[in-house]
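Add chain G to chain H, keeping to what the hints say.
So you can see what is in the structure, the chains are spelled out below.
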Amino acid sequence: MRADGYAPIDGYAAIGDGRTVALVARDGSIDWLCLPDLDSPSVLAGILDAERGGRFALEPEEGYDVQRRYLPETNVLETTFSTAGGVVRVTDAMTLPDGRLGPLRELVRKIEGLSGTVPMRWHIEPRFGAGAWSTQVGRRSGVPVASAGSDAIAVCSWQAGDPTCSDGAIEARFELAAGAEALLTVSVAHQEPLVFPARDESAARLRRTADAWRGWASGRRYEGRWRDAVVRSALALRLLVYAPSGAVAAAPTTSLPEEIGGERNWDYRFCWIRDSAFTLDAFLKLGCGNEATGFFWWLMHASQLTRPRLQVLYRLDGGTHAPERTLPLAGYRGSRPVRVGNGAVDQLQLDIYGHLFETATLFARSGRGIDADVGHRLAEAADLVCEIWPNADSGIWEVRSEPVHFTQSKMMCWVALDGAVHLARAGQIPAKNVRRWQTEAEAIRRFVETRCWSDAKRSYVRFAGSEELDASLLLGVLFGYGDATGDRLTGTIAAVRRELAHGPFVRRYSGEDGVTGSDGAFLPCSFWLAESLARSGRTDDAVHLMEQLVDLANDVGLYAEEIDPDTGEFLGNYPQALTHLALINAAVACAKDGA
Amino acid sequence: MSVWGALAGGFVGTLVLTTSLRAASELRLTRIDLPFLLGTAVTAALIYFAVFSALGRDGWLLGTLFGLAHGLFTGTALVNILLPVVHPRMGTPLSSIDSHAVLEPPGFLMLNYGRSTPFVSLAAHAAYGALVGGFTALAS
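Which chain is which? The protein sequence lines are H and G, in order. Last residue of the first sequence: 594 (numbering that gives the first Met the number 0), numbering continuous. Last residue of the second sequence: 139 (numbering that gives the first Met the number 0), numbering continuous.
Here chain H stands alone, though its shape is the one from the complex (with noise of 0.2 angstroms):
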């Protein structure tokens, strides 16, 4: 099940609360968790340093097999080990606050004997700071308790053996027979006095939360394909949104590698600009209205900061700051460096402008208005657009190599400003410009029909003057840039699946970008590829591709950012929110034409 104390990827489930995630292993081990918030320092990152990065196990003690799955219609985890003595099944859930004196954040894990009778052990080794602060262990009122500057956690068990303290550690066995329950929760502390919460209250808050999900669940508006698949993105894309402000974080974890072994390691615990119109198209077609307004606000509010330029990416408190660093852990399986931070947040990525048009187009089209002062910034960024538009920029794949002009970035500055003058027309936003915007979108398109277009392969190219495929491209489909089914975007798609393709696996694009190695398939790719089928006409097509990505899920139904074609192990950070809106994008397309 592990290699050298690492699980595969796609063996971990997640768990979450609207402001923090944890991955929890096939064998039951907690191997990331960030407190208090998913882009805080890591508490537990076994995953990343599998010796000194800290987990939280609860297993048997003898052989066991596993089956699991997520309660229906929940991020509440349902994990059932057989031994040879009994079956045990654990509920792993981090609990939602019910308004009630309760921990800042809250670990549950219930234990329940189903048949026979089976020895279990746990053990928590809090890491605080990704292992950088020095942890304290001891006991409050008898309760275990590790600490680290202003952050602790409390380990409260009931029938879960006699908890010791020692070398940083906090652990026990128990025997556990039919028809028994232990519990184990942790508090968190976060500059302020731990909570120790009564196990009543702890079991109460974990049936609350189970039901507050399949409350949320239960609302959301899809009745087409896949809708197992869809209701399990939505609620996978709900662990991801940030409660208190509403941002969109692109997945909870940092420097899971896109190479085995190699350095492309990144920290997604960040709001990409570029994920923007992808959240706020699948929130509004679940009925995710709530969550649409906030995420809408919140880039407002966010990009308020650098206007009318924006970030590639932003913190999700809104923050600018994101520097790029490592951290001293092995790596997941030496996959070196683990970086926190983002070097991307510098580059200069023209595509995020057309994203930001987009978002603020489908707000605008769902009826909720646009107010003046965002009307006003609006239309201050369509006149940047007009101004940067020619320059060369790292594209929306971040590359660190010199800087081109990718030929995506061009067409969604074309989607920027063809954006903005619907929306002038539409009176959301000021109309003194449209004259320049039109002249300006008009130059785009000739730029990129003359110098991104090759009749060699019939397709638009990777960047101006290159012979090279990106599967970015496609996403021209998806935003309107021309006719889907007219003979540039048709033979665009040919042309990717043709190079890019293989089976359902699509890679990102051919050619070079400055970092050493590979990377796998990239799914949300191949989602892309399903929902540019649909909508130019090849319903069937993208059908037989839909359902072999939805094969593709692991067994609680995540996906990872990418998979390797060859071994169909998940590689990068997860779970990745755009694989998530990806699927459900796709899959409304294809309902959309019928299927």
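Do not rely on the hints blindly, as some may be mistaken.
Derived DEER-like restraints, expressed as beta-carbon distance ranges [said to hold, decoys possible]: (1) Ala242/H x Leu26/G: 25 to 33 angstroms; (2) Thr449/H x Leu26/G: 53 to 61 angstroms; (3) Glu386/H x Glu25/G: 37 to 45 angstroms.
Partner residues are not named here, just some residues of chain G that face chain H (Cβ under 8 angstroms, in silico) [what the hints assert, rightly or not]: (4) Ser24; (5) Arg30; (6) Leu102; (7) Tyr112.
No lab work stands behind these hints, which were simulated from the structure alone. Nothing here was measured: the structure is a model prediction, and the numbers come from that model. Glycine is no exception: its CB is placed at the ideal position from the N, C-alpha and C atoms.
For chain G alone, coordinates are given in the frame of chain H:
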């Protein structure tokens, strides 16, 4: 000697006390929760004034000594003996989490809230006392 000077010192001292404790929390030095202390900080200035009056002396140095004594009292008797009496959810060695949730007890000198907590608390209280004593003297 003016009570208004003591109150002004108490007001400014409370600002300094709360700001420094909050900053210490951000600097990862302590997990003290401020609401526990605000009320005592405001009313303490009047007690300081009463003692200044009884002694017939005031000043920042005497205030600093009072602040240190105040900090010691807070870290020992106040939070460990008096606070559990008025705060039903404050944990004690006798409390149990079987029936309802309780707050982590602060421990001697509030060491449970971080090893640096006694130093942070005493320094903040000393600054508070110095301001109350200084303002009282200024208003005399």
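Is the gap between the beta carbons of Glu386/H and Glu25/G within 37 to 45 angstroms? 40 angstroms, holds
Holds or violated: Arg30/G as interface residue toward chain H, Cβ cutoff 8 angstroms? 5 angstroms, holds
Interface hint check: Ser24/G, Cβ to nearest Cβ on chain H, cutoff 8 angstroms. Holds or violated? At 4 angstroms from the nearest chain H Cβ, Ser24/G passes the 8 angstroms test, so the hint holds.
Under 8 angstroms is the threshold here; is the Cβ of Tyr112/G close enough to any Cβ of chain H for the hint to stand? 6 angstroms, holds
Range hint 53 to 61 angstroms: satisfied by the CB atoms of Thr449/H and Leu26/G? 58 angstroms, holds
May I ask you to test the hint 25 to 33 angstroms on the CB atoms belonging to Ala242/H and Leu26/G? Given range 25 to 33 angstroms: holds, Cβ gap about 26 angstroms.
Once the shortest beta carbon distance from Leu102/G to chain H is found, is it less than 8 angstroms? 5 angstroms, holds
Violated hints for the displayed structure: none, as all numbered hints are satisfied.
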